[in-house]
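Start from chain U and add chain A according to the hints.
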Amino acid sequence: MDKLSFFSIDDKVIPAHQLAASLLDFSRSRQVNKHKVLRGTGIFNEDVISERKLSARQLLQLMNNARSLTPGNDCAFLLGKRLFPGTYGAVSNALTHSRNLADAFRILAQVRSQICPFLTVNRYSTENSQYWVITDAVGCEEQFQFVAELYCTALVSAVKLLLGQRIPFQFNFPFARPKYIQEYEVHLGHRLAFSQPVMSISFDKKWLSTRCVNHSDSLKWYALRQCRHVTMPKLGFLEAIRTVISQHHQYGLQKVAEHFAMSTSSFKRKLKQHGYSFQQLQDEVGKQQAIYLLQVQQLTNEESASMMQFSDIPNFRRSVKRWTGLTPSQLRLTTQS
Amino acid sequence: MLLSQYDPCAECKVCQHIFGPYDMRINMNLSLLAQHQRLFSVACASLTLSLTLSIGLGQAKALADISWLDMIGEGSVALLSLAWIFFLLVSRPPGRVTSALVIGLSCFLFSAVLDLVDEVMFYEHTATGLSMIESIPSGIGMLIMSYALYQWHQEQLILNKQLQKRESNSREHDQVDFITALYSAEYMRTQIDSQLQNSSSPGFSVVMLDINNFDLFNRQYGHDQGDHLLRELSDIILMNLRSTDLACRYAGDRFILLFPDTDLRTAEQIAEQIKLAIANIAFKPNQSGESVYHHLTFAAESAITGDASDSILQRVNRRLDMFKQHGQAHG
Chain U
0 MDKLSFFSID
10 DKVIPAHQLA
20 ASLLDFSRSR
30 QVNKHKVLRG
40 TGIFNEDVIS
50 ERKLSARQLL
60 QLMNNARSLT
70 PGNDCAFLLG
80 KRLFPGTYGA
90 VSNALTHSRN
100 LADAFRILAQ
110 VRSQICPFLT
120 VNRYSTENSQ
130 YWVITDAVGC
140 EEQFQFVAEL
150 YCTALVSAVK
160 LLLGQRIPFQ
170 FNFPFARPKY
180 IQEYEVHLGH
190 RLAFSQPVMS
200 ISFDKKWLST
210 RCVNHSDSLK
220 WYALRQCRHV
230 TMPKLGFLEA
240 IRTVISQHHQ
250 YGLQKVAEHF
260 AMSTSSFKRK
270 LKQHGYSFQQ
280 LQDEVGKQQA
290 IYLLQVQQLT
300 NEESASMMQF
310 SDIPNFRRSV
320 KRWTGLTPSQ
330 LRLTTQS
Chain A
0 MLLSQYDPCA
10 ECKVCQHIFG
20 PYDMRINMNL
30 SLLAQHQRLF
40 SVACASLTLS
50 LTLSIGLGQA
60 KALADISWLD
70 MIGEGSVALL
80 SLAWIFFLLV
90 SRPPGRVTSA
100 LVIGLSCFLF
110 SAVLDLVDEV
120 MFYEHTATGL
130 SMIESIPSGI
140 GMLIMSYALY
150 QWHQEQLILN
160 KQLQKRESNS
170 REHDQVDFIT
180 ALYSAEYMRT
190 QIDSQLQNSS
200 SPGFSVVMLD
210 INNFDLFNRQ
220 YGHDQGDHLL
230 RELSDIILMN
240 LRSTDLACRY
250 AGDRFILLFP
260 DTDLRTAEQI
270 AEQIKLAIAN
280 IAFKPNQSGE
290 SVYHHLTFAA
300 ESAITGDASD
310 SILQRVNRRL
320 DMFKQHGQAH
330 G
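In order, the protein sequence lines correspond to chains U and A. If you're matching positions, the first sequence starts at 0 in numbering that gives the first Met the number 0 and goes up one per residue. If you're matching positions, the second sequence starts at 0 in numbering that gives the first Met the number 0 and goes up one per residue.
Looking at chain U on its own, in the form it has when it is part of the complex:
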């Protein structure tokens, strides 16, 4: 993996005229003082009408300001509704003209970092449903819930726009049930679960073949060609590390740092900037895989252990208990809906 293929929280790679512009527009419509909403972000009002790029950290700070300065709790949801097609140009065009939902999601997987740099999507498929595990790509910390609300609403409203109808998604969130549950119900639907071990989105596979209202192969082809000109790295820093860990379970800190052509100490420092430790990431990847294999796929201990490259079962059971708080057999019993 070469050094350029990921972006860290302080890399200025996100165009300012997209999410930042929507955030400022929304704050203005709620009569928030524009100086206050930009405070501490290092963003200037002129930036949103320029080719300037911003870092994830700047955008997260802007989200924090907008969330606390606008009245009510619907900021993330209303922004999510405006996100697509928004000002994403070629990316939006490619999605709009895709053939069916499966096609749209395939394109989304390719261009995801351009439209959603904050969240990683790992797509799994079971017999009847698609199961997406969502993780923090750059270190959102306290803004994770806002980011989750924003992009989940964007997903629901974009799919509705593509297909001309709303399809039911099941959302599992890692945070506690908020007081303003009505916003979740109205914007995301009623299939909600909170305080879950990992964040996931799932839906019935039958929807994948639903045709998009505006499908056009030629327009999509042209839009995809334009998308390639954008030089946004595909993976967030945390996301890149998780990819390496999940491919090479036996890798320790030093090995992974080498993979990124960094010294152990500068690798650790960079991780700290993202609010994570190496152990935390390792545990997260383990937890995710254990939940997918045991809870979603309902595999046996032996099968799961070998998939996760564990040599002995007792060690596997201990690790699962540490990651999720549940033993493998308990985890199998708590099935996902």
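Keep in mind that a hint or two might mislead.
Stated by the list, open to error - Partial chain U-side listing against chain A, Cβ under 7 angstroms, derived:
#	residue
1	Gly71
2	Gln181
3	Glu184
4	Glu301
Unchecked claim - Anything over 10 angstroms on all C-beta distances counts as not near chain A; from chain U, calculated:
#	residue
5	Ser156
6	Ala175
7	Ser215
8	Val229
9	Tyr250
10	His258
11	Glu283
12	Leu325
As the list claims (entries may be wrong) - No more than 20 angstroms apart at the CA atoms, straight line, and that leaves these computed lysine to aspartate or glutamate pairs for EDC-like:
#	chain 1	residue 1	chain 2	residue 2
13	U	Lys178	A	Asp192
14	U	Lys159	A	Asp214
15	U	Lys178	A	Glu171
16	A	Lys164	A	Asp192
17	U	Lys159	A	Asp320
18	U	Lys178	A	Glu185
19	A	Lys283	A	Asp226
20	U	Lys11	U	Glu50
21	U	Lys271	U	Asp10
22	U	Lys233	U	Asp10
23	U	Lys178	A	Asp309
24	U	Lys178	A	Asp173
25	U	Lys33	A	Asp223
Because the hints were derived from the structure by calculation, they are not lab data. Virtual Cβ for every residue (Gly too), placed ideally from N, Cα, C.
Then chain A, alone, in the frame of chain U:
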């Protein structure tokens, strides 16, 4: 007015310091101050007159003779009455009640200032009249204010009547929705809870209503027009309610209505009337000649014994979603 881009309060440093996080146009509308030029001069006149009279006619006391405790006590009375005048001027529109309150307080301020300066000034025999009349303005001020407070009470009763369908038996201004000025879902939950607690057999109904294709409208005409539409629709909803009913904004384009002591049929009837009223409103976005008509979908539920606010809200929400899905399938 709320939609205008120009925001005179955005740069105001004073209110930013006083009132933390929200922008000032939400919390405090300083534009009212500009409408009170006369009352503002009354307050200023009272302040300057009392200061010139008391300082001009006396001579400064020696430092040792000043009672600092009295100074602090009387100083704070003067300062606070000044602050009260300020808050009256920025929070009330001009009118009889406002005038009486400000004039009363100005009289009081006059006496308070005399009292305060009294502590640091020493008066010759020629000026003894001043200390004699010191307490008269404050007495008059109190009388005027008592009259004004009684008027305020009358005014409040009228205002409460105006708010009737927006508000139930409690007032929580921080739960009011910014866009529609209706109460939010949180307030409705409390009201449903109190309905459930107050009667042994709950006899109330709840209606949830939702605008069809609101997203499409927002995309076509912009979000400002969408907000504008929500405000207009909330007015029409209120117009069609009885005085005992309550309307709140739930979330997004969803409204929730509470009908105390009402069976499901009556609630549905009223909701049907609202639906009809809204279908006949020709909304004109962007001041153009074009008219856009809106249609609602609604669902009603009655409370059953052993209900909780969450369960009744869940039932009515699900039913509404079912109706919406059904409507979608049939175009």
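Against the structure, the hints come out as follows:
This hint holds: glycine 71(U) has a C-beta 6 angstroms from the nearest C-beta of chain A, less than the 7 angstroms allowed. Look at glutamine 181(U): its Cβ gets to within about 4 angstroms of chain A, closer than 7 angstroms, so that hint holds up. Taking 7 angstroms as the C-beta contact cut-off toward chain A, the hint placing glutamate 184(U) at the interface holds, the least distance being around 6 angstroms. A least Cβ separation of about 42 angstroms between glutamate 301(U) and chain A goes past the 7 angstroms threshold, and the interface hint is therefore violated.
A cut-off of 10 angstroms between C-beta atoms contradicts the statement that serine 156(U) is not in contact with chain A; the least separation is 7 angstroms. The beta carbon of alanine 175(U) is kept farther than 10 angstroms from every beta carbon of chain A, the shortest such distance being approximately 15 angstroms. Once the 10 angstroms rule is applied to beta carbons, serine 215(U) is consistent with being away from chain A; the minimum gap is 20 angstroms. Even its closest Cβ contact with chain A, about 25 angstroms, leaves valine 229(U) beyond 10 angstroms, as expected for a residue assigned away from the interface.
Taking the minimum C-beta to C-beta distance to chain A, about 46 angstroms, the non-interface status of tyrosine 250(U) holds against the 10 angstroms cut. Remark: the non-interface label on histidine 258(U) is consistent with the geometry, its nearest Cβ contact in chain A lying 44 angstroms away (cut-off 10 angstroms). The beta carbon of glutamate 283(U) is kept farther than 10 angstroms from every beta carbon of chain A, the shortest such distance being approximately 32 angstroms. Remark: the non-interface label on leucine 325(U) is consistent with the geometry, its nearest Cβ contact in chain A lying 27 angstroms away (cut-off 10 angstroms).
Simply put, lysine 178(U) and aspartate 192(A) have alpha-carbon atoms about 15 angstroms apart, close enough for the 20 angstroms limit, and the pair holds. In summary, the hint linking lysine 159(U) to aspartate 214(A) is supported, as the alpha carbons are separated by about 10 angstroms, within the 20 angstroms threshold. A threshold of 20 angstroms between alpha carbons decides the hint, and for lysine 178(U) with glutamate 171(A) the separation of about 17 angstroms falls inside it, so the pair holds. Among the hinted pairs, lysine 164(A) with aspartate 192(A) is consistent with the structure: their alpha-carbon atoms are about 18 angstroms apart, no more than 20 angstroms.
Distance check on the hinted pair: lysine 159(U) and aspartate 320(A) sit about 14 angstroms apart at the alpha-carbon level, within 20 angstroms; holds. Restraint check for lysine 178(U) and glutamate 185(A): the C-alpha separation of about 8 angstroms stays at or below 20 angstroms, so the hint holds. Between the alpha carbons of lysine 283(A) and aspartate 226(A) the distance comes to roughly 13 angstroms, so the proposed pair stays at or under 20 angstroms and holds. Annotation: proposed proximity of lysine 11(U) to glutamate 50(U) holds, straight-line Cα distance about 12 angstroms (limit 20 angstroms).
With a CA separation close to 15 angstroms, the supplied pair lysine 271(U) and aspartate 10(U) stays within the 20 angstroms bound. With a C-alpha separation of about 13 angstroms, the suggested pair lysine 233(U) and aspartate 10(U) falls inside the 20 angstroms cut-off, and the hint holds. Note on lysine 178(U) and aspartate 309(A): the hinted pairing holds, with a Cα-Cα distance of about 11 angstroms set against a maximum of 20 angstroms. Pair hint lysine 178(U) plus aspartate 173(A) holds up; C-alpha atoms about 15 angstroms apart against a cutoff of 20 angstroms.
For the hint pairing lysine 33(U) with aspartate 223(A), the CA-to-CA distance comes to about 17 angstroms; that is within 20 angstroms, so the pair holds.
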